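Trainee: As a plain string of letters, each chain reads:
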Amino acid sequence: GDSVTQMEGPVTLSEEAFLTINCTYTATGYPSLFWYVQYPGEGLQLLLKATKADDKGSNKGFEATYRKETTSFHLEKGSVQVSDSAVYFCALIFRGSGNTPLVFGKGTRLSVIA
Amino acid sequence: GAVVSQHPSRVICKSGTSVKIECRSLDFQATTMFWYRQFPKQSLMLMATSNEGSKATYEQGVEKDKFLINHASLTLSTLTVTSAHPEDSSFYICSAPRGGSGYTFGSGTRLTVV
Chain A
1 GDSVTQMEGP
11 VTLSEEAFLT
21 INCTYTATGY
31 PSLFWYVQYP
41 GEGLQLLLKA
51 TKADDKGSNK
61 GFEATYRKET
71 TSFHLEKGSV
81 QVSDSAVYFC
91 ALIFRGSGNT
101 PLVFGKGTRL
111 SVIA
Chain B
1 GAVVSQHPSR
11 VICKSGTSVK
21 IECRSLDFQA
31 TTMFWYRQFP
41 KQSLMLMATS
51 NEGSKATYEQ
61 GVEKDKFLIN
71 HASLTLSTLT
81 VTSAHPEDSS
91 FYICSAPRGG
101 SGYTFGSGTR
111 LTVV
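Residue numbers (our numbering), protein chains in the order written: chain A, 1 to 114; chain B, 1 to 114.
For reference, chain A alone in the conformation it holds in the complex:
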């Protein structure tokens, strides 16, 4: 079945360091891809998304490009801040009729230290 694999955490970085969180997927067809973020004590929030190959999603300095050839959607940020400390989830969905649930990766905890 469809699945998402993302790098294991936790990831600890110093402020202003470069961040990459790898995400690959297995799916039949071409899903929409998402990154969600969960800050401590809060629900998941959509960070960015891409709906077709070569699309680049971006938000708050984070970017991810939908790579069909490598079935990947790696999350990157050039300079992380302490406020970026959170758990990041890669997810996919196929659009069909009706409401369809997201398929999530395991989540990667990021800790940024000053």
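Just to be clear, a hint being listed does not mean it is correct.
[What the hints assert, rightly or not] With the C-beta cut set under 8 Å, the calculated list includes, among others, these residues of chain B facing chain A: (1) TYR58; (2) GLN60; (3) PRO97; (4) TYR103.
[Unchecked claim] Simulated crosslink set (BS3-like; lysine-lysine; CA at most 30 Å straight-line): (5) LYS106(A) - LYS20(B); (6) LYS41(B) - LYS20(B); (7) LYS41(B) - LYS64(B); (8) LYS41(B) - LYS49(A); (9) LYS41(B) - LYS106(A); (10) LYS20(B) - LYS66(B); (11) LYS55(B) - LYS106(A); (12) LYS14(B) - LYS64(B); (13) LYS14(B) - LYS41(B); (14) LYS106(A) - LYS64(B); (15) LYS68(A) - LYS41(B); (16) LYS64(B) - LYS68(A); (17) LYS60(A) - LYS106(A); (18) LYS14(B) - LYS106(A); (19) LYS41(B) - LYS56(A); (20) LYS14(B) - LYS66(B); (21) LYS68(A) - LYS56(A); (22) LYS60(A) - LYS41(B).
Hints were generated in silico from the structure; no laboratory data involved. Predicted, not measured: the structure shown is a model, and the values here were computed from it. Note that the Cβ used here is the ideal one computed from N, Cα and C, for glycine as well.
Using the hints provided, position chain B relative to the given structure of chain A.
Mentor: For chain B alone, coordinates are given in the frame of chain A:
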């Protein structure tokens, strides 16, 4: 807008007791609610899908008699863990689709069964 309020955020209960988790959509009507469970270092796994006014649809391997889901109104869906055991200790989170590619998540419930 589009907030899902989930309660309680944390609960500790004794083995054999039941626990009810509520998810309320505060400013929109949630005809569908997805219920997920996450074990440590694992993915968010879909447990069941509830639809207002009809029976929930459970994923394979999820005991419907143990995890009772009720979606009696357009703003409230509940998950009751009956006769809880330590292996039910987990993080439970609800999610409501909002059309397009939008999903709203509750903040999650950390259940510990002792």
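Trainee: Evaluate each hint against the coordinates.
Mentor: Now the hints, each set against the structure:
1. Violation of the interface hint for TYR58(B) is found here, the shortest Cβ-Cβ separation to chain A being roughly 12 Å, above the 8 Å cut-off.
2. Evaluation of the GLN60(B) hint against chain A yields a violated restraint, the C-beta minimum of about 10 Å exceeding 8 Å.
3. A hinted interface residue such as PRO97(B) counts as satisfied when its beta carbon comes closer than 8 Å to some beta carbon of chain A; here the least separation is about 4 Å, so the hint holds.
4. For TYR103(B), the shortest C-beta to C-beta distance to chain A is roughly 6 Å, which falls under 8 Å, so the interface hint holds.
5. A hinted pair counts as satisfied when its Cα atoms are at most 30 Å apart, and LYS106(A) with LYS20(B) qualifies at roughly 25 Å.
6. Between LYS41(B) and LYS20(B), the direct Cα distance comes to roughly 24 Å. Compliance with the 30 Å bound is thereby established for this hinted pair.
7. Taking the CA atoms of LYS41(B) and LYS64(B), the gap is near 24 Å; set against the 30 Å cutoff, the hint holds.
8. Our distance criterion of 30 Å between C-alpha atoms is met by LYS41(B) and LYS49(A), whose separation comes to about 23 Å.
9. Taking the CA atoms of LYS41(B) and LYS106(A), the gap is near 6 Å; set against the 30 Å cutoff, the hint holds.
10. Of the pairs offered as hints, the one joining LYS20(B) and LYS66(B) holds, with about 12 Å between alpha carbons and a cut-off of 30 Å not exceeded.
11. This hinted pair checks out: LYS55(B) and LYS106(A) have alpha carbons roughly 29 Å apart, not beyond 30 Å.
12. For a cut-off of 30 Å, the pair hint linking LYS14(B) to LYS64(B) stands: about 21 Å separates their Cα positions.
13. With a CA separation close to 24 Å, the supplied pair LYS14(B) and LYS41(B) stays within the 30 Å bound.
14. Among the hinted pairs, LYS106(A) with LYS64(B) is consistent with the structure: their alpha-carbon atoms are about 24 Å apart, no more than 30 Å.
15. Of the supplied pair hints, the one linking LYS68(A) and LYS41(B) holds, its CA atoms being roughly 27 Å apart against a limit of 30 Å.
16. Our distance criterion of 30 Å between C-alpha atoms is broken by LYS64(B) and LYS68(A), whose separation comes to about 37 Å.
17. In summary, the hint linking LYS60(A) to LYS106(A) is supported, as the alpha carbons are separated by about 22 Å, within the 30 Å threshold.
18. The suggested pairing of LYS14(B) with LYS106(A) holds, with an alpha-carbon distance near 28 Å, which does not exceed 30 Å.
19. A hinted pair counts as satisfied when its Cα atoms are at most 30 Å apart, and LYS41(B) with LYS56(A) qualifies at roughly 28 Å.
20. Under the criterion of a C-alpha separation no larger than 30 Å, the hint pairing LYS14(B) with LYS66(B) is consistent with the structure, at around 15 Å.
21. Using a Cα cut-off of 30 Å, the hinted pair LYS68(A) and LYS56(A) holds, with the two alpha carbons roughly 12 Å apart.
22. Under the criterion of a C-alpha separation no larger than 30 Å, the hint pairing LYS60(A) with LYS41(B) is consistent with the structure, at around 26 Å.
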